[in-house]
Amino acid sequence: MTASQPSREPRIAAPARTGIVLGLAGFAAVVVAQVHAILTSPAEADMGHLQKIMYVHVPAAWMTFIAFFVVLVYSVKYLWRRDENDDLLAAAAAEVGAVFNGLTLALGMIWGRPTWGVWWAWDARLTSTLVLFLIFIGYLALRAFVDDAGQKARWSAAVGAIGAINVPIVYMSVKWWRTLHQEPSSPSTLDPAYTLGLRLNAIAMLILTIYFIRKRYEIARVERASEHAAQAAAMGTGGR
Amino acid sequence: MALRDDWRRVRAIAKKDLVSELRGKAGFNSVASLGITILVLLGLALGPDAAVLRHAAAGAVWLATLFSAVLAFNRSFQSELEGGALEALLLYPGPRWTVFAGKLLGNLAFVTAMVLIVVIAGVVLFGVRVPDAWPSIVGVLALGVIGVVVLGTFYASMASRSRAREVLLPLLLFPMLVPVLIAATTATRALLGADLMHEAGAWIRLLVAFDLVFLIATFLAFEHVIDA
Amino acid sequence: MPSNETFVIAAYSITWVVLLAYLAYLMRRARGSRAEYDRLTAGPESGR
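Chains as they are written, first to last, in my numbering: chain W, 1455 to 1694; chain L, 163 to 390; chain G, 2 to 49.
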């Protein structure tokens, strides 16, 4: 067995151009949607222009949940089929989800400070979003502290699936916990005047999210292919 | 009968863990002591106002329990790690779930005993007035302990074999136990008071649902996790 | 407390900082991973 045989790993294709187009489209869409929303939304009675924060905060929150849903689906799929790529996609979605989750929290606090007078008020939505963030972090930490690829994949999938099951339970329990006390008003149902702007921003964010997850997934696959190539090279050297 | 063999295996694993715990009693004693120490620290940090402490009692007991329990969970897989006994366990014929069930029962016994001590200490230190409804509180404690032990055992089976087990187990476990913490402390607080609004019932139902959901989920997931 | 408008500006600024920073991270990591992969697959194939 010579060391000069072609790599057994199929060569990863150069990044598809659709990737770049998707990214540009996503960013452009976000710009357009935000400009539209800012220019067309009226100032509110008591909150002035504060409501405009909803155009970034709410879509960020929705992207967080979508990403988590992707983690759930591909975690379960990995446990079922043991296809390495499913694990890599779940991990990509988790990382992107964590980013949007952090952003959601930051924006929630920025909205909360002028509204409630405090940076944090333990309201149901933000608190459960914070717990979700910690679950994401746990998932990513697990991957960081496990070296064996197979173990990493199986454990992440189990943790991701079981974590996802808990999300509605966490939300419900925090909500009940809050209803016993004074509930600070959450940025919940918006005036219909704002719905169109919100939907546009959400769709724009979604395009961007899909781009981020695909890009991160592509990176994961290339890195995994490098690992395989390095192992193959090491074994080839040892087999001589 | 296959099922009877499985149960024998479960009991054997649980018994092995408990016997080694009783022999090396240092383990249980130090974990229980840690629980009490945490209660003392919480009392010092939150007190000395008696009314404040009484209100904080439920939360304090549960926090002390959680922090001490993670030590118990990591230890429950420790003995297998040293000496490669986990691989040996898995080589024996029989379904994987028996390993999980055995570990679960062992941890349940351990944590229950620990909680008993922590609760008694908490009642004393935080000036809790034990109400007539105390059997319900015992029920809430039991349901909470089950939730903690089910998820704790499950995550410990992975964390204990990773590179950073001391931080990874609490990091994974604590966010997942948020519903248990909220439900158990709120229900306990309500029952310690007069539970005028009959809140405790809803929280107990939540705990039951939580325990069932994760008992099933962890049993299903364990076989994917245990392959050495 | 600063005006409400300041908070709105802060919100949109943070949003863009995060999105662009994450994009930069992805681009950098993509470049690095491809370079590594090319290096690893070019080596053995060039024969030794």
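What the hints contain is simulated information worked out from the structure, not anything from laboratory work. Certain hints may be false.
Distance ranges between label pairs, derived from CB positions [said to hold, decoys possible]:
1) L:Q240 to G:A25: 38 to 44 Å
2) L:R166 to W:A1603: 37 to 43 Å
3) W:V1572 to L:V329: 25 to 31 Å
4) L:L206 to W:H1682: 30 to 36 Å
5) L:A326 to W:V1572: 30 to 36 Å
The model shown is predicted, which means the values in this text are computed figures rather than measured ones. Where is the CB? At the ideal position from N, CA and C, for every residue including glycine.
Consistency of the hints with the structure:
no., hint, verdict
1, L:Q240 to G:A25: 38 to 44 Å, "holds, 43 Å"
2, L:R166 to W:A1603: 37 to 43 Å, "holds, 39 Å"
3, W:V1572 to L:V329: 25 to 31 Å, "holds, 30 Å"
4, L:L206 to W:H1682: 30 to 36 Å, "violated, 55 Å"
5, L:A326 to W:V1572: 30 to 36 Å, "holds, 34 Å"
When the structure is compared with the earlier hints, a violation turns up for hint 4 alone.
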